[in-house]
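**Q** Taken in order, these protein sequences are the chains called A and B.
Numbering-wise (our numbering), the first sequence opens with residue 448 and increments by one.
Numbering-wise (our numbering), the second sequence opens with residue 991 and increments by one.
Calculated from the structure, these hints are not laboratory results.
Treat the hints with care, since some could be wrong.
Unchecked claim - Derived DMTMM-like pairs: lysine to aspartate or glutamate, alpha-carbon spacing no greater than 25 Å straight-line:
(1) 1088/B - 503/A
(2) 626/A - 525/A
(3) 479/A - 608/A
(4) 1177/B - 543/A
(5) 569/A - 503/A
(6) 560/A - 608/A
(7) 1177/B - 608/A
(8) 568/A - 503/A
(9) 1088/B - 1152/B
(10) 1088/B - 631/A
(11) 658/A - 631/A
(12) 479/A - 668/A
This structure is a prediction, so every number in the text was calculated from the model and none was measured.
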Amino acid sequence: MSQAHISLKNLRKTYGAAVAVENLDLDIEEGKFIAIMGPSGCGKSTMLRMLAGLEESSSGDILHQGRRINDLPIWEREMPMVWQSLALFPFLTVRENVEFGLRMNGVGAAERKHRAQVWLKKLGLGEYADRGINQLSGGQRQRVALARCLVTEPSVLLLDEPLSALDAHLSVQMQGELKRLQRELGITFIYVTHSHSEAFSMADTVVIMNKGRIEQAGSPEDIYLRPATPFVAEFLGGSSIFDCTIRPRKNGELVLESADGTFKTDALKTAGLAPGQHVSLVVRADQISITPAAGWADNEVPCRVIGEEFVGALVNLRLETGAGTQITVQLQQRDMQTLDIEVGVGVTASWHPEDGHIITE
Amino acid sequence: MRVSRTTRRLTLAFTGLALAFLYAPILTNFVFSLNSDRFPTIPLGGFTLEWYRLILADALVIDAFKNTVKIALIVAPIATAMGFAAAYADYRFNFIGKRLVLVFALMPPLIPLVVIGLAMLAYLSRIGLSGTLPAIVVSHIVLTSPFAMAIIRLRFSQIDGDLEFAAQNLGASNWRAFWEIIIPSTKTSVLAAFLLCMAVSFDEYAVTWFVGGLEETSSVRILSFLQSAVSPRINAIGSITFATSISLILGAQFLVLRRLTKDAK
């Protein structure tokens, strides 16, 4: 196995009695786009700040190409960062901002100017080189922040929620550009965000954190299709989660028993699960259908419609079962009209036994 | 906001009165310093520079003025440096008891001058320093450094807390980042603080009078003049002192305001 570009080994950070990051283990491959995601306070930013050297780790190791860097000062880490606040130098021009890192590393004036110019051009800032930072738009500042880091030709770039200050339209555009840049340069991007769409649209690997721990690390597809913990399923949203107990039937078949009824699930056949075990059944919104009456399908739950949310041509329908479980169903808008659904009416939600993902506790 | 005509007129009148009460005595002072009559009475006598000539020929006045300048030039850099250090510590570091330290650091201007003067006298005479120029310098540093700190802190509060770390993140060492980021960001306010410290030191007389003994600054000299005799010379020396301090203060104001409006853009 090749050596990981960056490895976190048993990394831990505490503030007094409060634990910010709890025994983190993570290997990051060279040239990958890693998104670290989680709710605020989950430790994602603390982790990034430990990588950059802005926070000292309480214990554990940070390895950069196999070399332990925990005790290196910030300025020797060579991991430039795009800050949430951008942290551009307001008293310097765009060019001076971009040249800053080169100047700190002793690159001569002529080469500095040349390299800065190359990057300013690459990011479409060529004509703004001599402007002040205050004369730029939000998107342009974002690019200056990127150019300022990339001009130093790092092997890894840290990004701390860099798009959170941009409006939605600009943010989507920048996501595309970031992904393209990362592919072209082939350097490692470590991107901290709380936004699903940012993480899933750009990253090769998504790491989901909660309460200082990694809940799951995997490809976006993996995480989307096979959430490892109930937290991940809930955090990603759009899935319905049932607390179940595995029960055997007389014919030896295993079924899931929950407060909302008994469910058949194919996943039970393969997973090596034993009767009596408590598990969570996760069914994605696009796997659930609505039938006007019961008796049509295998897994049926009677529900009441409690809300609807229009997302383009799709509708997210929120349902509540008699036992109080919330179910989300995704429908085409025209189905809403055919089915004559409105808030308050009773419907039956159902899904196929082959759909549904089981999470063991 | 719409303001009725009456309100606007009342506001104007009030502001005018306030300014008149503030500046009329000073203006009168200046006018009488050029008046040839021995007593400040209306109608005015002829125009004269006699009083200015007299004080410039007075060795006591010249000595006091020299002391004043000497003290201000020593006090201002030290007080500014101390104020800067305190403001920077507040910006950069968090520590237990920080608020308490800040309160104590900003307190001296709020303590009655007589109290500070007496305390300073008691302490400085115990260490054998009272009645000397260093005693005045020390007292003035105590009085002026909180002003320097307040002005520089105001500037720090507008600086993005990540900037220095961003510089380090790009390869600048601790000192280098300080030099590249903190110095350029704060230099105007440091200059403003310097001018204000000079102005405060220039004007201060109460504590100076307590600890200075026979050493006099120009403000103490004015006081002595007043105690001995009423002379138009007081008007002249007062005008010079006022002109000096107001220039310093306006200079400081200008620097601070320019910074604020520049950032607001």
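**Q** Look at each hint and say if it fits the structure.
**A** Tested hints:
A C-alpha spacing of about 22 Å is found between residue 1088/B and residue 503/A, which places the hinted pair at or below 25 Å, so the restraint holds. With a C-alpha separation of about 21 Å, the suggested pairing of residue 626/A with residue 525/A holds against the 25 Å cut-off. With a C-alpha separation of about 18 Å, the suggested pair residue 479/A and residue 608/A falls inside the 25 Å cut-off, and the hint holds. Annotation: proposed proximity of residue 1177/B to residue 543/A holds, straight-line Cα distance about 19 Å (limit 25 Å).
Our distance criterion of 25 Å between C-alpha atoms is broken by residue 569/A and residue 503/A, whose separation comes to about 35 Å. A threshold of 25 Å between alpha carbons decides the hint, and for residue 560/A with residue 608/A the separation of about 29 Å lies outside it, so the pair is violated. This hinted pair does not check out: residue 1177/B and residue 608/A have alpha carbons roughly 32 Å apart, beyond 25 Å. As the CA atoms of residue 568/A and residue 503/A are separated by approximately 37 Å, the hinted pair breaks the 25 Å bound.
This hinted pair checks out: residue 1088/B and residue 1152/B have alpha carbons roughly 20 Å apart, not beyond 25 Å. Under the criterion of a C-alpha separation no larger than 25 Å, the hint pairing residue 1088/B with residue 631/A is inconsistent with the structure, at around 48 Å. Our distance criterion of 25 Å between C-alpha atoms is broken by residue 658/A and residue 631/A, whose separation comes to about 34 Å. Proximity of residue 479/A to residue 668/A is assessed by CA-CA distance (about 16 Å); at most 25 Å being required, the pair is judged to hold.
In summary, the numbered hints that this structure violates are 5, 6, 7, 8, 10, 11.
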